[in-house]
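Just need the whole structure built from these sequences, with the hints factored in.
Chains S and L supply the protein sequences, listed in that same order.
Start counting the first sequence at -15; every next residue gets the next number (our numbering).
Start counting the second sequence at 49; every next residue gets the next number (our numbering).
You may find that some hints are simply not true.
Calculated pairs, EDC-like style, for lysine to aspartate or glutamate (alpha carbon to alpha carbon, straight line, at most 16 Å) [said to hold, decoys possible]: (1) L:Lys147 <-> L:Glu157; (2) S:Lys86 <-> S:Asp437; (3) L:Lys81 <-> L:Glu157; (4) S:Lys13 <-> S:Asp89; (5) L:Lys165 <-> S:Asp290; (6) L:Lys81 <-> L:Glu156; (7) S:Lys256 <-> S:Glu185; (8) S:Lys360 <-> S:Asp437; (9) L:Lys150 <-> S:Asp145; (10) L:Lys159 <-> S:Asp145; (11) S:Lys355 <-> S:Asp422; (12) L:Lys147 <-> S:Asp145; (13) L:Lys76 <-> L:Glu157; (14) L:Lys165 <-> S:Asp145; (15) S:Lys14 <-> S:Asp145.
No lab work stands behind these hints: they were computed from the structure.
Treat the numbers as computed from the prediction; the structure is a model and nothing was measured.
Chain by chain, the residues:
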Amino acid sequence: MSISQHFPVLVIILPLISAVLIPILSRAKKIYGWYISSAATFISFMISLSLLRTVHVKGKISYWMGNWEPPWGIEYVVDYLNGYVLVVISFIIFLITLYSNKSVDKEIPEDKVSSFYTIYMLFVTGLLGMIVTGDIFNLYVFIEISSLAGYALIAAGRKRDALIASYNYLILGTIAATFILLGIGYLYMMTGTLNMADLRERLPALYDTTVIRTAFAFFSVGLSLKIALFPLHIWLPNAYTHAPSVIGALQAATATKVGVYVMIRILFTVFKPEFILEVIPVAKLFVMLSAVAIIMGSLLALGQKDIRRMLAYSSIGQIGYIVLGIALANRLSIMGSLIHVLNHALMKGGLFLVVGAVIYKTGITNIDDYKGLGKKMPFSMAAFTICALSMVGVPLTAGFVSKWYLALGALQAGKWVMVPVILISSLLTAIYFWRVIDAIYFQGHEVSGKIDDAPVGMLVPTFALATCCILFGIVASVPVNITNFAAKMLIGG
Amino acid sequence: MIEFILAKYNYWIYITLMMIGFYAMIAKQNLIKKIIGMNIFQTAVFLFYISIAKVKGGTAPIEWEKAVRYDNPLPHVLILTAIVVSVSTTAVALALIIKIYKAYGTIEEDKILEMNK
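As structure tokens, this is what we get:
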């Protein structure tokens, strides 16, 4: 019995245990909360890397919780798809945790810091749990753990608007989760099983029944609400804008990405690709919705004055890209989606971290007030520019690779209309980021007083993300190879 | 037709309750009333889970000797978890409402939105 055998469960147990330890240990010293969180997220990241390596060497890992044999017991499964997502998400979480210390000290009242980190780690537990579980009811439980922690974290924002943003998110998030719960109930009613692999075996015989189609409808609506697909996005901009900066970054970079992963799991693993393409052609609907999301997200981002709100609307557009790749359902487009999950997490994480650093130093959130910051905070703004270029999809940045694969996937699916959609949206992205960059570098410095750059503790994680944006643009083969395996596993060919 | 409706009456009740809750969550302006709606909405789903567990002529799974058939206990267990989730959600929501009341002095959504402008 070696410890590595238990890695699939340890990756969630560690944050969970640290959530219990933080309120006890940080009584002695406030900073312990941050130490413990950083250590736990770092170890989770290392475990994720080791899991992905094991998957590469030995193939799919199946972990039986409490040694109960599936489908009776709860099974944790790690394959190329969730191994990859696990590495991406735990890496981003680790960097954001590293960054969090100063920002949290500034934005959260001193006596609340230890509770903040406790809830933070519960949030992380929920996200990582959603990724590794192979049991559909367990998935629901983790969705609720991360959502509940998420509501509390958003409500920790400084202004009172954060409270109402969190409340609205709670109402919509509960509707979404309850729909997913109903979907699970319908599947269980027909098949008598909750194990995802087992469901995959048993469902095809029942594809024609109304019950299974109803279940699928509940899943689609619930998950679309969770990932804020265009018409169901209203909770997102306020939640991202008013949350504490660290939480804005964490939500934008990880929470919706994990939602997208769950969507891929349900669409391609629990149901088979034939179901969404042929039995009920819901893929067509998702293609249309995502096209609208891509354009509308970018258009709405154009008109925003608050930079965080602009980034939030931009996220809605980017979610459109990812769903587009899923709905086109061929190997190239799914690769594009999965690479975009990584890229968007890096870019949006980086952008939100820079915005957080500016808030930490100056309290500015308005785009017009960014004038002259290029001279005052040169390093932060350089990171911002790199991430913004990658968002636009300039060649040699990561954003280009995923858009390239999405466009190839669209052509292969015969949906050439989607190529101009991607191009127009890239153009719009360039316009709304240009407004910020123009203010930063090319307008007189109106920011008076002495402002120096963000502290090193904040700059290092930000630059790590910005560097990755370039690194994965030049050395694209690493994510391309892994996602290639994952896409092959999902739809074959 | 009537027999069809009557035979599945608990499902009809679940759908009716769910729609009542759903309506309250969307249409009510008072934040507490929304939470009441949310509780009805979730309870309806619990009722659905309990209904699918019923086996015709089944008893509780603890009476081993007498029972010929017994009801499926798994949905009951699942729904215990979902009840815990529901209680926690309600707790978080009520805590939020208290903070909202302290910050705004009201729990009517339209007034709060006006104050946010």
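Hint check results:
The suggested pairing of lysine 147 of chain L with glutamate 157 of chain L holds, with an alpha-carbon distance near 14 Å, which does not exceed 16 Å. Distance restraint check for lysine 86 of chain S and aspartate 437 of chain S: the Cα-Cα separation of roughly 14 Å lies within the 16 Å cut-off, and the hinted pair is therefore satisfied. Distance check on the hinted pair: lysine 81 of chain L and glutamate 157 of chain L sit about 11 Å apart at the alpha-carbon level, within 16 Å; holds. Proximity of lysine 13 of chain S to aspartate 89 of chain S is assessed by CA-CA distance (about 13 Å); at most 16 Å being required, the pair is judged to hold.
Between lysine 165 of chain L and aspartate 290 of chain S the alpha-carbon distance is near 14 Å, which keeps this suggested pair within the 16 Å criterion. Proximity of lysine 81 of chain L to glutamate 156 of chain L is assessed by CA-CA distance (about 10 Å); at most 16 Å being required, the pair is judged to hold. A threshold of 16 Å between alpha carbons decides the hint, and for lysine 256 of chain S with glutamate 185 of chain S the separation of about 10 Å falls inside it, so the pair holds. Taking the CA atoms of lysine 360 of chain S and aspartate 437 of chain S, the gap is about 7 Å. The hint holds against a cut of 16 Å.
For the hint pairing lysine 150 of chain L with aspartate 145 of chain S, the CA-to-CA distance comes to about 13 Å; that is within 16 Å, so the pair holds. For a cut-off of 16 Å, the pair hint linking lysine 159 of chain L to aspartate 145 of chain S stands: about 13 Å separates their Cα positions. A distance of roughly 8 Å separates the Cα atoms of lysine 355 of chain S and aspartate 422 of chain S; the hinted pair therefore holds under the 16 Å criterion. This hinted pair checks out: lysine 147 of chain L and aspartate 145 of chain S have alpha carbons roughly 11 Å apart, not beyond 16 Å.
A C-alpha spacing of about 9 Å is found between lysine 76 of chain L and glutamate 157 of chain L, which places the hinted pair at or below 16 Å, so the restraint holds. Distance restraint check for lysine 165 of chain L and aspartate 145 of chain S: the Cα-Cα separation of roughly 10 Å lies within the 16 Å cut-off, and the hinted pair is therefore satisfied. With a C-alpha separation of about 27 Å, the suggested pair lysine 14 of chain S and aspartate 145 of chain S falls outside the 16 Å cut-off, and the hint is violated.
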